[in-house]
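The lines below spell out each chain.
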Amino acid sequence: MNVVIELVGLVPAALATPSTVISLPGPIEAIACTTGALSGALHASRKRLDLTGVMVVAICTGVGGGAIRDVLLDSGLPSFLVSPTLLLYALLAAAIGTVFGTLVHQFQPMMEVIDALLIGVWVVIGVQKSLLDGLTPVTALFVGVVACIGGGVLRDVLCRDRPEVFRPGTFYAVAALAAATAYLVLASASAPEWACVVATIVVAAGLRGASTWLGWRTTKAGSLMPMTSLPEQPR
Amino acid sequence: MDLVTADQTWLLGLSLPAWTKLAAVVTGSLVGAEFAAKRGFDPVGVFGLAFAQGLGGLVLLELLLLNGTPLFLQEPKYLIGSALASVAGFFFAGLLSRSYPLLITLDAVSSGFLVCVGVEAALALQLPLISAIFLGTLTATGGLVLRDVMAGISPTLLRPGVLNGAVALLGAALFALLHEFTELPIGVEQVAVVTFVFVLRMLAIWRGWKTRTTQDISDRFWGIWSRREEEEEEEVTRG
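Chains as they are written, first to last, in the numbering used here: chain S, 1 to 235; chain Z, 1 to 239.
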């Protein structure tokens, strides 16, 4: 398997570790945390959950991706537990989303834009943390994408839906994957760190935006061979 | 062979050959990808469910045992194997679902491998037998549960149907008991467990053994009990 990686030659065996994980300035961090939790709260109230349900789903959507990332990485305690503000923001957003759902709903387009800009941020944090943890680029890529989509998947699992990122539709995980790849390619070309970060955010936001406004969609898993008409076998 | 290395890297240095774990991951991913493709997920869904089913059990095991960064993140071959399986599932779903008997056979073998990995990890940490049996079952069935949860359906494992979890449980129990009460070399025990799980799974499919929903027998107990009370009352009135 490692031979394959070397043959392809695209993925370097190891990358220079970033000096540190980017830290968001206070207001941006606040916006970042509240947006996820708010969208979770809206989703949950559309599902007609009760107060507890909406709060839980909102918090899980807000901090879920980061929590999954930190549990996988074993780089100390999950950051949402360490930071004094992250949970607070998530709670606040959950409360606002619960009470002022219709009002918040008016800002949905704005939230979409913010979310598109944030994909890159989550990817950068995930990838940098993984690289600092000594992971290989391939696995860092995985962690970056998981950190991005984890919150949404958790939300849909809690609401007992088929996760939105897994359904044919607009690019989300694809944008995250492309952004993570952009980071790693630039980093392996030893570009300065700020350039990597900016490029990641631009790629993610660009792909997500293009997908939303130009109508690029992922398709169902087709196959070169026609699917059999066998009934689904129970397992 | 003694299993007393309880350091951070114990999961890397176990006696089951390393390729078995990779094989189990790839097989699980193939089954997960076939599942996703058949149900109209998009490429991300195929990848996600393949990763969930292929890696889920091992990840759960390592997270529960606080083993540090999971093995699949340290060694890219597991992720790459899983990704290749997803690509195959995406493009050749028809072929995969046609060769479903082969997939099931492979799955039966890899289920045995995973049982061994889980039980052995627990024994290496000198956990009690019952925990070893639990961890063996969890490792073998965790991926399936994770896949179903992520697909938004109620877990196949918990519904009546083909024997799967029960077989893993029996296999894990066999391994733990063999290890505790016999002096067999661990390799022999593992071969025995893998064979046992495989044969039982195949038998279950061939003979059509199914698990059923629970049967409530409290009424029957209540009936016996109330009858006895009546008899006692009769005795009292007669006396």
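Warning: the hint list may mix true and false statements.
[As the list claims (entries may be wrong)] Computed footprint of chain Z on chain S, listed as stretches where at least three residues anywhere in the stretch have a Cβ under 8 Å from a Cβ of chain Z: (1) 61 to 74; (2) 80 to 87; (3) 166 to 179.
[As the list claims (entries may be wrong)] Now the stretches of chain S that chain Z is said to cover, found in silico as 3 or more residues with beta-carbon under 8 Å: (4) 90 to 98; (5) 207 to 221.
[As the list claims (entries may be wrong)] Partial list, computed: chain S residues near chain Z (C-beta under 7 Å): (6) Leu-135; (7) Thr-136; (8) Arg-160; (9) Arg-162; (10) Glu-193.
Rather than coming from a laboratory, the hints here were simulated on the basis of the structure. Being a predicted model, the structure only gives us computed values, none of them experimental. Glycine included, C-beta positions come from ideal geometry on N, C-alpha and C.
### Violations among the numbered hints
Violated: hints 2, 4, 10.
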